[in-house]
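Number of protein chains: 2
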Amino acid sequence: MKERDLIQHIKELTTQKADGLVQGIGDDCAVVTKDQENVWLLTMDTLVESVHFDCSWHPPYLVGRKAVSVNVSDIAAMGGKPVFVLLSLGLPKNFDPEWVSTFNKGINEACSQYGCLLIGGDTVCSPEKVSLTLTLIGESPQDQVVYRHGACPGDNIWVSGALGYAAAGLDYFRTGKGHGAPCLYETSSQYPSEIAPCITAHLDPEARTGLGKALAQAGCIHAMMDLSDGLATDLAHLCQQSEVGARIAADKLPGSTGLAAAASLLGEKRRDWMLTGGEDYELLFTASPQDNEKIIEIAARQSIRVNPVGIITEPSQGVVLQECGPDADREQSITFQGFDHFS
Amino acid sequence: MKERDLIQHIKELTTQKADGLVQGIGDDCAVVTKDQENVWLLTMDTLVESVHFDCSWHPPYLVGRKAVSVNVSDIAAMGGKPVFVLLSLGLPKNFDPEWVSTFNKGINEACSQYGCLLIGGDTVCSPEKVSLTLTLIGESPQDQVVYRHGACPGDNIWVSGALGYAAAGLDYFRTGKGHGAPCLYETSSQYPSEIAPCITAHLDPEARTGLGKALAQAGCIHAMMDLSDGLATDLAHLCQQSEVGARIAADKLPGSTGLAAAASLLGEKRRDWMLTGGEDYELLFTASPQDNEKIIEIAARQSIRVNPVGIITEPSQGVVLQECGPDADREQSITFQGFDHFS
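The listed protein sequences correspond, in order, to chains A and B.
Terminal number for the first sequence in our numbering: 343, no gaps in between.
Terminal number for the second sequence in our numbering: 1343, no gaps in between.
Excised from the complex, chain A in its bound form (with noise of 0.2 Å):
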């Protein structure tokens, strides 16, 4: 069973109307009313030790920020502000005192920098891994909440940052090129310096809140929301909640040149990197083309970059990929190509 065919299971089985629910199962959080004005965002990720990290290159500190930083990146999808945060830790009965007073020092320091607090949760014995689930509560004006639904045809489609450093830093781990390394609690400074920034985006990446923000405020965004399963997968969920299709274009992929010291090192993969690698936690959206220079200037801001990879189509065609160059006629589907955890 694919993954989000377990979700739509899910879905199917609750009542999806209630009093106070603005929008449930399907879009990066769920939606309800605060007061007159505002809605809360809520979210909540689980990362489980050897299948969404691995202690043995991962150090404790980072773990903790990675937590914070993945749930919070949802929020940042809808346009939220994070406010409070959930914790439920799952421990193995010897667990490590030191790595888990450094892991709860990254979760508050991560707290911090977005601007949220710990406020609960739970703490169990877990059989033999580690196992953390976070829960974020996110607030936002109820008018400014951007949604995956909303995407029209002849949309632009932008993407935040860089594309694949993540996975490409995940990669350079697992081949064990990146065994032996040291356990590094602050930067990636000790790595080859030309994978130094891949090895930070899958250690330690940053949710794009102020951008998520800017651009919810901005009022000129149709849908959006982060890249964590690979541009592949969430293009296609987005597609598939706004009711359109996508073609992008493979030579606006951003980030190939930042990859290609990677790519020397562990092998030609840029092209999986990006569009399937995954957890990339920048943000996916779509704007009518109109709005292009606002959303330049607004990202600019923010200095961040952000890209027009491609465009919105008709529902009948597709999540596609086209080439360049003397390919440029040649389209392939790209739909839920991505990650998936129980594939």
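Calculated directly from the structure, the hints in this document are not laboratory data.
Every residue, glycine too, gets a C-beta built ideally from N, C-alpha and C.
It is possible that part of the hints are untrue.
Straight line, CA to CA, 30 Å or less: simulated DSSO-like cross-link-like pairs of lysine-lysine [said to hold, decoys possible]: (1) B:K1129 with A:K2; (2) A:K105 with B:K1017; (3) B:K1213 with A:K17; (4) B:K1011 with B:K1081; (5) B:K1002 with B:K1105.
Some chain B residues close to chain A (C-beta under 8 Å, calculated; not the full set) [said to hold, decoys possible]: (6) L1006; (7) L1013; (8) C1029; (9) F1084; (10) L1086; (11) V1100; (12) T1102; (13) N1104; (14) K1129; (15) S1131; (16) E1194.
Fit chain B to the given chain A structure using the hints.
Chain B only, in chain A's frame:
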């Protein structure tokens, strides 16, 4: 490291003051401002296969129900009404779709029963065991919330229902007597009838939402929490938060007669089941003796028995159990002698 030391460590790292935060770490739920009159109650509980439930005797439908009930119990313990649920479901790669489907039905039917709605969450791959984390969001008028702090010397200590049933039910399966028992989805009618209430208490506990709400509305409850780790540990938490001591009368613990059959089948462990067994999901609360009649009346309207089990004392006296009959002079400390995940 004890579980409470771990929680204390996390609490110390965290600022406990912020706009909109009424109560942070240290109670059954975190409490945050919703609107001018109302607050949200937020709680999170994780159940891990082979730690909190055993698939060899716990039918998936009842695992789903229990996951909801134990979280709702935290909302009930503060006098709130459960409203929204987030579920993070960790499944091994080769999970059984039938198990998951039946589990989901249990989640949804328990949500209907308690009047709350599943609105989001996460699905992840877990290395071997099923792991589930729920976040429950409840609601209450701010002036009706009942906390763990607030108990006063001289208060009567009350317990709803009976103690020790769930622990005896668990013992029945753990000792092997219940192995090979049919996997029941709805009832425990196929178990030996004298032990059936214990089986139900373990497999399918019920949160005391009606009673919790009614007590909170009455305005006479000084402190309240739910019993999840056993009376000895939970009362110690309540006393710590209220800065008081407590004396429990051994002959007042409710449930002893009902546990006689279990004791003759499994050995005389009634004292342990009732004091330290855990998972009762009954309400523990304190109130002035002048409100005794009011409390009995409220409980009777909910068709639930409540029993006074002791009194709140000065903080220097600790949490003690007083024997009855010829041993009436004998007191023993029972502070934090209940279930601890990491002991």
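Here is how each hint holds up against the structure:
Between K1129 of chain B and K2 of chain A the alpha-carbon distance is near 18 Å, which keeps this suggested pair within the 30 Å criterion. Between K105 of chain A and K1017 of chain B, the direct Cα distance comes to roughly 18 Å. Compliance with the 30 Å bound is thereby established for this hinted pair. Taken as a hint, the K1213 of chain B and K17 of chain A pair is honoured in the structure, with Cα atoms around 24 Å apart against an allowance of 30 Å. Only pairs whose Cα atoms come within 30 Å are accepted, and K1011 of chain B paired with K1081 of chain B is accepted, the gap being roughly 26 Å.
The straight-line distance between the Cα atoms of K1002 of chain B and K1105 of chain B is roughly 35 Å, outside the 30 Å bound, and the hint therefore fails. Because the smallest distance between the Cβ of L1006 of chain B and any Cβ of chain A comes to about 5 Å, under 8 Å, the interface hint for this residue holds. A cut of 8 Å between beta carbons decides the hint on L1013 of chain B: the least distance to chain A is about 5 Å, and the hint holds. Below 8 Å, beta-carbon pairs count as interface contacts, and C1029 of chain B has one with chain A at about 7 Å; its hint therefore holds.
Hint status for F1084 of chain B relative to chain A: holds, with the closest Cβ pair at about 6 Å, below 8 Å. Taking 8 Å as the C-beta cut-off, the interface hint given for L1086 of chain B holds, the closest approach to chain A being about 5 Å. Hint status for V1100 of chain B relative to chain A: holds, with the closest Cβ pair at about 7 Å, below 8 Å. Taking 8 Å as the C-beta contact cut-off toward chain A, the hint placing T1102 of chain B at the interface is violated, the least distance being around 11 Å.
Here the hint on N1104 of chain B is kept, as its CB sits about 5 Å from the closest CB of chain A, short of 8 Å. Satisfaction of the interface hint for K1129 of chain B is found here, the shortest Cβ-Cβ separation to chain A being roughly 6 Å, below the 8 Å cut-off. Interface hint at S1131 of chain B: satisfied, since its Cβ lies 6 Å from the closest Cβ of chain A, which is below the 8 Å cut-off. Checking E1194 of chain B against chain A: minimum C-beta separation of about 32 Å lies over 8 Å; hint violated.
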